[in-house]
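Protein chains in written order, with the numbering used here: chain A, 71 to 931; chain B, 12 to 533.
A hint or two may mislead.
[To be verified] Calculated lysine to any residue pairs in the SDA-like style (CA-CA distance at most 25 Å, straight line):
id	chain 1	residue 1	chain 2	residue 2
1	A	Lys620	A	Ser722
2	A	Lys919	B	Glu258
3	A	Lys496	B	Ala249
4	B	Lys232	A	Lys689
5	A	Lys496	B	Lys260
6	A	Lys187	B	Ala270
7	A	Lys187	A	Gly270
8	B	Lys154	A	Ser722
9	B	Lys254	A	Ser416
10	A	Lys496	B	Leu231
11	B	Lys232	A	Arg668
12	A	Lys590	B	Leu231
13	A	Lys187	B	Lys154
14	A	Lys689	A	Ile669
15	B	Lys232	A	Trp185
16	A	Lys189	B	Glu235
17	A	Lys574	B	Tyr248
18	B	Lys232	A	Phe498
19	B	Lys254	A	Arg340
20	A	Lys919	B	Lys260
21	A	Lys189	B	Lys154
22	B	Lys232	B	Ala249
23	B	Lys232	A	Ala926
24	B	Lys260	A	Arg340
25	A	Lys574	B	Gly241
26	A	Lys407	B	Leu228
27	A	Lys919	B	Ala249
28	B	Lys260	A	Glu923
29	A	Lys590	B	Leu251
30	B	Lys232	A	Leu332
31	A	Lys574	B	Ile240
32	A	Lys282	A	Lys620
33	A	Lys919	B	Glu235
34	A	Lys574	B	Glu235
35	A	Lys919	B	Glu250
36	A	Lys919	B	Lys154
37	A	Lys620	A	Lys590
38	B	Lys260	A	Lys187
39	B	Lys254	A	Leu493
Derived from the structure by calculation, the hints contain no laboratory data.
Listed below are the residues making up each chain.
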Amino acid sequence: MWQSLPEFGSGVLYAILVAAAYTFAIGIAAGQGRPRLLQAARLGMFGTGALVALGVLVLAYAFVSHDFRISYVARYSDRSMSTPYLIAALWGGQDGSLLWWLFLYTVFGCSCVYWLKRKYLELQPYVIATLAAAIAFFAILMVFAANPFAVGVGGAPPDGQGLNYQLRNFYMIIHPPSLYIGFTSMVVPFGFAVAALATGRLDNEWIVASRKWMLFSWLFLSIGNALGMLWAYEELGWGGYWAWDPVENAACLPWFTASAYLHSIMIQERRGMLKVWNLVLLCTTFFLTIFGTFLTRSGLIASVHSFAQSGIGIFFVYAMGIIIAVSAALIVYRLPKLRSEGDFESVLSRESAFVFNNWGLVSICVFIAVATVWPRVSEWLLNQKSTLGPTFYNAWLPPVALMVFALMGVAPLLGWRKTSPELFAKSFRWPVAALLLAATLHLVLGRRLGFPAFYDADAIYPGTLGTVLAWVSSKLPLVTTSLCAFNVAVVVQEFARGVSARQKRGGESVTTSLYNLVAKSRRRYGGYVVHMGIVVMFLGFTGKAWGVDKEVSMSPGEKVQIEEYELTYLGPRMEVDTEKRMVIADLEVTRNGEPVGRIHPAKFIYKASPEAPSTEVAKHITLRNDLYVIVGMVSPATKVAAFQIHVNPLVSWIWFGVGILIFGALISMWPDVSLQEAGAFGYVRAAASVATAVIFAVILAWAPSMAYGQQPTQAEVPGTIEVRNDHERELFRSLNCICPTCPHKPNLLDCACPTAMNHRSTLRAELAKGLSVEQVRAIYVGKYGQEALSVPPSEGAMRGVWMLPLLGIAGGAGGVVMALRRWRRHEKDRTAGAKALPKKPKRDDYDDKLDQELRALDAED
Amino acid sequence: MAKTRAAVASSGKGGGRKNQEERAAKQARRKAAAAEARAAAASARDKAERDEAERDVERDDVERDDVERDDVERDDVERDDVERDDVEAEAERHADDRARKKGVGARKGAAGKARGDATAASAAASPAADHAPIDERITRYAKLGVPLVTLGTAAVVGITLGTPPALLVLAGGALVAVIATFWASVRTLLGETPLGGADAYALGAPRAEEEQKRAVLRALKDLEFERSIGKISEEDYAELVAKYREEAKRLLRVLDTDAAPARRQIEVLVARRLRDEGLASSADVADAEDAARDPGAAKSGKRERVRVGDEELGVGAASRWDDAVDKMAAERAEEEADAEAELQRELDEEKKTAQRAAAEPVAAKDELDEDLDAPMAPEVPAQTRVPADIAARSAAEDDAPAPAPSAGTAPTAAERLAPAASASAPPAATASATPPVTASTAPPVTASATPLPGNGGDRPIGGSSMPPRIGSLHPAPLRRKAAGGEATESTACAECGTMNDADAVFCKKCGTRRAAAARDDA
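From just these sequences and the hints, can you work out the full model?
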């Protein structure tokens, strides 16, 4: 058998395809009202899961037994690797990671089927069929395009190429698997949506069934994106946490639609409205998970995260086409059953706020999606290469994001259906007071504290548009801090009102009331805690406006002052281990004159690839700011070292915010337990189930943490960035580095590669000749083309990059307003008709029964 | 054996079924050796008793089987299967061993009796498995056994031989799981596995109105909460509450109408049970039955379903599934009827066999003598050897002078198992009217037609769809009381001194067959 292990593995892939097809067919047949087939389909799903596990185990065996006949094994392992790395290498490349993706699909599929048992029996067949279809797709992908068991053409080499050392670190990996989990688990809510559409059971049943799964997916998308920021901040060494890389964008797109969905389903649950919209949002979210995978793996868009270009892109195109076609067809088919049961009655209602919130979130999603694919679109349609970097996104997106941020605070203050003027005033009184107070304090004390209310923002375009954008950007710190205060006041007020209401009802202490309040409305108050986390994260984002950067070269003994920090360069030293040389620069740091210790930025030069040393960032972290130091070149002769020093205010708040967000999501996900029914054991069971889910997910995320197929990033190449004056800063920010080693083309202010250093030197020389910034920029663009600009010029067809999304956003706003007006008109008609009815219906036996049911619900709560 | 039977019966009483079954299995295993010794000295009457007991156990098995089908998790069954196999294998091994030593004559008694005990014991451990074909049992084992064995083996191999072989073991386990799962799937697909009526009904999807009701109730609670925190004006609150209450009441009406037939059936069952327990009169039962008599439902023989306004409710009709459920219930009822007829045929044949045996008393007597004359203690295997005094007493009890049956024939199972009834009721009633364990009125295999104790035994209750949850699994002594009236006295066990009911066959503590019972039987 061992002679034919690759064939056996390939056979398993074929078997997975057949098994998934079988399960799909039986699932569809069971949906025709044949319970026996449902049981067969359930077993089929478990069997398919076992087959995928078999495939993973066979590949793992191939790795640990060094079966280099298998091309994938030869490319990602060698005989020197230890067993953990060999196992981890299973996910190190594209083919293996697809198998891992498939494995996660089956894990979630089997978990869902097991969880379903005898629940939602009419939906079950179609849920299983959808899950099986997703599995079948990935099986097809592997069988025909990315077979991890494919045999190398030249036979088995004596040794493999080994896993890239750069892939053997924690931060390079931890966030992609988290995103994997978020992405793959999204297939379950999608399955419920398809099942609801297929069966016509389109009331709240499928929403309730899929709610916890959706929260789980959303939570892991959040964690994945947050870890991505952390990874970028820790490892990339450019001082930031979000580079607006295409794959980062692709990862956050489903987060926006999922967030919108989690809000809009409340309207459906409460008012029976937005049924079509919710289905569209959920299908779109699942579509975006596939789209993100397509971006990462097709090679369509250059990115630091991309796998090698391969032929699997077309398969994803087919899959996306099928998802769109099936979803759209089912929704259109079921449109008659998707009519709203209620109407909006007032703009001052929570429904309206949620609709606007949805519009904001989807607008951001659309904007990012358009900007992400724009370079390819402009190349195809306009024959113009372009690149969109952080400068572009940072100028356009914050205003929209802050609008959603404001709505986040407004929505909880509004009541369902409508809010009377008195209640409106009562609800908004304290939050608005907090907003005004915060704004005043910020204006008065901000500058003194080192956090001024305004800052000087650069115009990204010449002319009015650029000026307006710059003006808006310059005011953002004040707006953000004010809205943060507003949101905090809203959350505090909501908790206070809830606690107060409970205390009025019964003699509970404040602590007991608070506990019971959260315990009995977990989704609501868990959501508020999530909001609090987002507030804290926004504060952290705002810190970017007050950041200070400095580039210096120092000899041993020299000092440099930046903000409240004083750094003394003590000198370089070198350490050597089995795989690398480490050049370490020691710096003594004082803060406000008080010593805080030493930091040690370093360069690691690996024996295997000395041409690409990695950057090791040194940080001194406080709540107020982070001192972030990178060492560039160190002269062995003179011991002069070049340093890039950043003071990044409030960055720690982002990570705190993420923690609060996760905590809030866990509160919302906490299972329903009735003490009356289950006793204390119920709580133990609930705690165990939540803990198991989290631990399981963490293990899944952790397992492949030592390997991931990414290309080296710009942070792992040598050099430093020297900026001598504001002209240089403006020029470098507006231009991209054009070189083969920087596929995603960072701007010259961020890129530390040798080519970027040469570019900067050249441009500096041009400026020294007396040329203006615009002239030098024109020379550079003339030499390298439009893609050398970090923000495409706002002229001609290139305006489309911002006009298209803005038009979409405006169109969406118009659509929302029109829809609200129409719904409002319906409601007026209905209200007029309703007034003719007797106001007080007679009380009958069913009133007693209803009261009894409500009391029972109280007891459950 | 009777002890085992009692354990079986008591274990089926509902609450704590699993624990009771485990206890019954352990008890059965502990008593297997003693039962084997008794088996060697057993007479033809014991054989008849065993047959009856097996039927009893079978009946209980079927009943509990139906109850257990409601349970998707069969882990307990699997665990019990393992124990049952142990018991069965041990008992059979001992029986065969003894039979080999004793010769042909003894084999009939010992092996048959021991197998009977083993069957009963195994049934106590896992009633459903007794009927399961071998492939189904293999599948069941695979569900729990394969993962455990695989993980254990992989751990051991991983520690001793290294990671690659451990991965191979895991892969092997996965492969077995694949085969077992798809085997089960295909068998289910082809209809080779049972899917009972209870299953079919359990497969009924929750009604959309129930979901809607929950949503409306939740909305009412939210409104109340929002009012308490001042988020809504009194006027809006009143208006919304009125609207939601109307909607909730409409849904409650719909659900009530839908549940009415089932509720009436339950009321009938409860009334009958109360009557049997002496807590209600026959008039109450009649009232309940009258109330439950619904011409529409009676004609169709189907579960009544009120199809109020799917359109009106704005929910999906979604009736295909319900139709399928009805169809499966009908099929199930048909199967049950077939099984009942089959059982009746078997019982008739048994009657005929008993009559033939009565016609050949001499031959039977010779065979009995041969069995009784066989040397006991020296041939008992060491590990199952029964103390000589117990064996002697057992033999003595069986040899004890007892009034012979009227015509020198072995008594029928009905006569033996309902001695009190035989004593107190007219003889003619014992075969036909003694509930519920007489041979002639042995309860049908099916769940739906299982009679409640004391209901006459010939009245199926609740139609084909009602699972046999109530009162079907009384211990034997209790049944006797129910059948024949109150127990009048208690007597001490000769072996351990425990006070037992006068009509108990075996001591409730040590399991010794009581001489009084033997005399009663005689």
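* Can you give the numbers of the hints that this structure goes against, from lowest to highest? -> Hints 4, 5, 8, 11, 15, 16, 32, 36, 37, 38 not satisfied by this model.
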